[in-house]
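Chains A and B, in that order, are what the protein sequence lines are. Read in my numbering, the first sequence has 48 at position 48, and its numbers run on one by one without any break. Read in my numbering, the second sequence has 139 at position 139, and its numbers run on one by one without any break.
Calculated directly from the structure, the hints in this document are not laboratory data. Please note that a few of the clues may not be correct.
Stated by the list, open to error - Result set (DSSO-like, lysine-lysine): computed pairs, CA atoms no more than 27 Å apart in a straight line:
#1 325/B <-> 195/B
#2 405/B <-> 33/A
#3 111/A <-> 405/B
#4 249/B <-> 195/B
#5 361/B <-> 111/A
#6 407/B <-> 325/B
#7 156/B <-> 115/B
#8 150/B <-> 111/A
#9 408/B <-> 111/A
#10 325/B <-> 156/B
#11 222/B <-> 199/B
#12 33/A <-> 408/B
#13 24/A <-> 408/B
#14 115/B <-> 199/B
#15 150/B <-> 249/B
#16 24/A <-> 361/B
#17 311/B <-> 249/B
#18 139/A <-> 33/A
#19 24/A <-> 131/A
#20 24/B <-> 222/B
#21 150/B <-> 82/B
#22 56/B <-> 82/B
#23 311/B <-> 115/B
#24 156/B <-> 24/A
#25 199/B <-> 249/B
#26 408/B <-> 361/B
#27 63/A <-> 33/A
#28 361/B <-> 33/A
#29 302/B <-> 56/B
#30 107/A <-> 91/B
#31 56/B <-> 91/B
#32 115/B <-> 195/B
#33 405/B <-> 91/B
#34 139/A <-> 63/A
#35 82/B <-> 408/B
#36 56/B <-> 24/A
#37 111/A <-> 156/B
#38 195/B <-> 33/A
#39 91/B <-> 150/B
#40 222/B <-> 271/B
Since the model is a prediction, treat every value here as computed from it, not as a measurement.
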Amino acid sequence: MSIEEVENEIIEEFEFFGEDWEAKYEHLIDLGKNLPLIDAALKTEERIIQGCQSRVWLNAEQKEGRIVFTADSDAIITKGMVALMVRVLSNQTPEDIIKANMSFVDKIGLKEHLSPTRANGLVSMINQMKKEALAKLAKS
Amino acid sequence: MKVRSRLTEAEKIIDIGLQFPILKQNINGNPLVYFDNGATTQKPLRVIEAISDYYKTSNSNIHRGVHTLSRRATEEFEQARKTIANYFQIKNDQQLIFTAGTTDSINMVAEGLAKNYLQEGDEIILSTYEHHSNILPWQIWAQENKGKLKVIPLLKDQTLDYGAIEGLISSKTKLIAITQVSNTLGLITDLAKIKALAKKHHLPILVDAAQSAPHMAIDVDKLEVDFFVCSAHKMYGPTGVGILYLSPKWLNELPLARTGGGTIKTVTFEKTDYVEGALRFEPGTPNIAGALGFAEAICFIKEFGMEEIAKHEHELVQYAQKLLKEIPEVIMYGENDNKAAVISFNVRGQHPFDVGTLLDKYGIAVRTGHHCTQPLMQCLNIQGTVRISFAVYNTLAEIDFFSEKLKKVIRMLG
Ligand SMILES: Cc1ncc(COP(=O)(O)O)c(C=O)c1O
Numbered sequence: 001m002s003i004e005e006v007e008n009e010i011i012e013e014f015e016f017f018g019e020d021w022e023a024k025y026e027h028l029i030d031l032g033k034n035l036p037l038i039d040a041a042l043k044t045e046e047r048i049i050q051g052c053q054s055r056v057w058l059n060a061e062q063k064e065g066r067i068v069f070t071a072d073s074d075a076i077i078t079k080g081m082v083a084l085m086v087r088v089l090s091n092q093t094p095e096d097i098i099k100a101n102m103s104f105v106d107k108i109g110l111k112e113h114l115s116p117t118r119a120n121g122l123v124s125m126i127n128q129m130k131k132e133a134l135a136k137l138a139k140s
Numbered sequence: 001m002k003v004r005s006r007l008t009e010a011e012k013i014i015d016i017g018l019q020f021p022i023l024k025q026n027i028n029g030n031p032l033v034y035f036d037n038g039a040t041t042q043k044p045l046r047v048i049e050a051i052s053d054y055y056k057t058s059n060s061n062i063h064r065g066v067h068t069l070s071r072r073a074t075e076e077f078e079q080a081r082k083t084i085a086n087y088f089q090i091k092n093d094q095q096l097i098f099t100a101g102t103t104d105s106i107n108m109v110a111e112g113l114a115k116n117y118l119q120e121g122d123e124i125i126l127s128t129y130e131h132h133s134n135i136l137p138w139q140i141w142a143q144e145n146k147g148k149l150k151v152i153p154l155l156k157d158q159t160l161d162y163g164a165i166e167g168l169i170s171s172k173t174k175l176i177a178i179t180q181v182s183n184t185l186g187l188i189t190d191l192a193k194i195k196a197l198a199k200k201h202h203l204p205i206l207v208d209a210a211q212s213a214p215h216m217a218i219d220v221d222k223l224e225v226d227f228f229v230c231s232a233h234k235m236y237g238p239t240g241v242g243i244l245y246l247s248p249k250w251l252n253e254l255p256l257a258r259t260g261g262g263t264i265k266t267v268t269f270e271k272t273d274y275v276e277g278a279l280r281f282e283p284g285t286p287n288i289a290g291a292l293g294f295a296e297a298i299c300f301i302k303e304f305g306m307e308e309i310a311k312h313e314h315e316l317v318q319y320a321q322k323l324l325k326e327i328p329e330v331i332m333y334g335e336n337d338n339k340a341a342v343i344s345f346n347v348r349g350q351h352p353f354d355v356g357t358l359l360d361k362y363g364i365a366v367r368t369g370h371h372c373t374q375p376l377m378q379c380l381n382i383q384g385t386v387r388i389s390f391a392v393y394n395t396l397a398e399i400d401f402f403s404e405k406l407k408k409v410i411r412m413l414g
């Protein structure tokens, strides 16, 4: 699926909750809980993206011209957000990853988590994902 | 919000919240419950008006003009100093210096003492409770001067281990810099014990009153410490203004960390004669409106009575601790009958960030994280806590609402 297709899928999924923020957050928490575990050996200091409060670990691997991301966080809501980012950007080409604007986050009403004051490391994580893509492009 | 029949004595007398316009708003569809007073309190209308009135009617630079406005502004500024000195029972108002706040005051003392009082290899005693603002200025001095910071440890109940202090003191010890109330735990330092030791070893004391001044009446002259610092914004005043109290000895002896216009009698390129008293420590144009706002906040506190505020907050703390104890997943830190209006806790197995994020969805403002006390977090072996802290306008009904929503949040996080 293209990035746009995945984004639309997520938007549809969240439309279901309407104005019910509790249900929406319960879903986000579930997404966090169901995020495939990152290999414990990969949860190293270098892979840590330090938010002021919650921390995020990000790992990137190449697979047939695409980048596969795995990630984790110590806070479950952050981890739910991480799961969404991974779902959208993982298994995509570097060109598409760089172009992605993540506007779906606004559409599903979770934009507040991407504001810099949230201090959860998510903005830095997206930047890091794009950097990985750029690095890959530079090499090829 | 469900209002229970029980009200504190203070709540029975007056709906204090009416004086705080900011509190009358909805956040995410719920009435705002502001429990982040340890970070900063909200400001009553009269403080907001005092600041805007100053700019509308008296704004002018102080201590230099001959014109009417300048005299008026100078008078109001010096009256603010008197009002605040009087509230803290400081007889000589010249011992009260306006600064940008607690952090600024501590830096001024540290930079001043570093000039001729602290010598290479000296030691300073702090406590495990300290806010970064009462660690970093000393740590920088220590790093540059082969100095050492010695730390008063905690007992199991998270109170300070006063018995250990004597063992920390050596011939190199030059200062005890300590907080009067832990901003993370709300626990109160027994200053009498600290003072007895300081007296015995002839050590000066700096008291960080950022978290005590908002919650208890303090007679600073009687406290007989060397330096006493606090911030207006944590006690219903504006941000960016605070005080540094100097004992008579230090008023004469503390070297100037910074200097400039407004502090002098005569200046030549070779030499300067400084004025005496507080102005010597207030170079440049001060935060005049801030000082007036601070004085107005003091008037607000005085009108209500600090004893009344403390009693009301004590009831809130007791009640909140009781409700939190009834929730099995909650781990409380520094639980104590005798504490300032600050409570830290965690939900077992959950990140404080998640708890804070979901409480915010219910309109409840709490603080999460390390609260600028990372060494204390390391000592407790945790990443952070959820902190709730109260002020005069908080109510028992808000605590009921908070406790109900906290239980809901715990279920959501599962
Ligand atoms: C105990 C303590 N000391 C110092 C400070 C710093 O105060 P300010 O930021 O007003 O300088 C705070 C405020 O967070 C505090 O709680």
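Hints, verified against the model:
1. 325/B <-> 195/B: Violated - the C-alpha atoms of residue 195/B and residue 325/B are around 34 Å apart, more than 27 Å.
2. 405/B <-> 33/A: holds, 22 Å
3. 111/A <-> 405/B: Distance ~23 Å between residue 111/A and residue 405/B Cα, so the pair holds.
4. 249/B <-> 195/B: holds, 17 Å
5. 361/B <-> 111/A: It holds: about 14 Å lies between the C-alpha atoms, which stays within 27 Å.
6. 407/B <-> 325/B: Status holds; Cα separation ~12 Å.
7. 156/B <-> 115/B: violated, 39 Å
8. 150/B <-> 111/A: The hint is violated at about 45 Å.
9. 408/B <-> 111/A: Holds, at roughly 23 Å.
10. 325/B <-> 156/B: Status holds; Cα separation ~18 Å.
11. 222/B <-> 199/B: Judged against 27 Å, a Cα distance of about 14 Å means the pair holds.
12. 33/A <-> 408/B: holds, 18 Å
13. 24/A <-> 408/B: holds, 15 Å
14. 115/B <-> 199/B: holds, 23 Å
15. 150/B <-> 249/B: holds, 25 Å
16. 24/A <-> 361/B: Judged against 27 Å, a Cα distance of about 12 Å means the pair holds.
17. 311/B <-> 249/B: violated, 35 Å
18. 139/A <-> 33/A: Violated, at about 35 Å.
19. 24/A <-> 131/A: Between residue 24/A and residue 131/A the Cα gap is close to 30 Å, so the pair fails against 27 Å, i.e. violated.
20. 24/B <-> 222/B: Judged against 27 Å, a Cα distance of about 40 Å means the pair is violated.
21. 150/B <-> 82/B: violated, 37 Å
22. 56/B <-> 82/B: Between residue 56/B and residue 82/B the Cα gap is close to 23 Å, so the pair holds against 27 Å.
23. 311/B <-> 115/B: violated, 43 Å
24. 156/B <-> 24/A: Judged against 27 Å, a Cα distance of about 41 Å means the pair is violated.
25. 199/B <-> 249/B: holds, 15 Å
26. 408/B <-> 361/B: holds, 12 Å
27. 63/A <-> 33/A: Holds - the C-alpha atoms of residue 33/A and residue 63/A are around 25 Å apart, at most 27 Å.
28. 361/B <-> 33/A: holds, 20 Å
29. 302/B <-> 56/B: holds, 25 Å
30. 107/A <-> 91/B: Roughly 61 Å between the alpha carbons, so the hint for residue 107/A and residue 91/B is violated.
31. 56/B <-> 91/B: violated, 32 Å
32. 115/B <-> 195/B: The hint holds at about 25 Å.
33. 405/B <-> 91/B: violated, 48 Å
34. 139/A <-> 63/A: Holds, at roughly 14 Å.
35. 82/B <-> 408/B: violated, 49 Å
36. 56/B <-> 24/A: This hinted pair is violated, its Cα atoms lying about 48 Å apart.
37. 111/A <-> 156/B: Violated: residue 111/A and residue 156/B sit about 42 Å apart, past 27 Å.
38. 195/B <-> 33/A: violated, 52 Å
39. 91/B <-> 150/B: Measuring from Cα to Cα gives roughly 33 Å; hence the hint is violated.
40. 222/B <-> 271/B: Cα-Cα ~37 Å, so violated.
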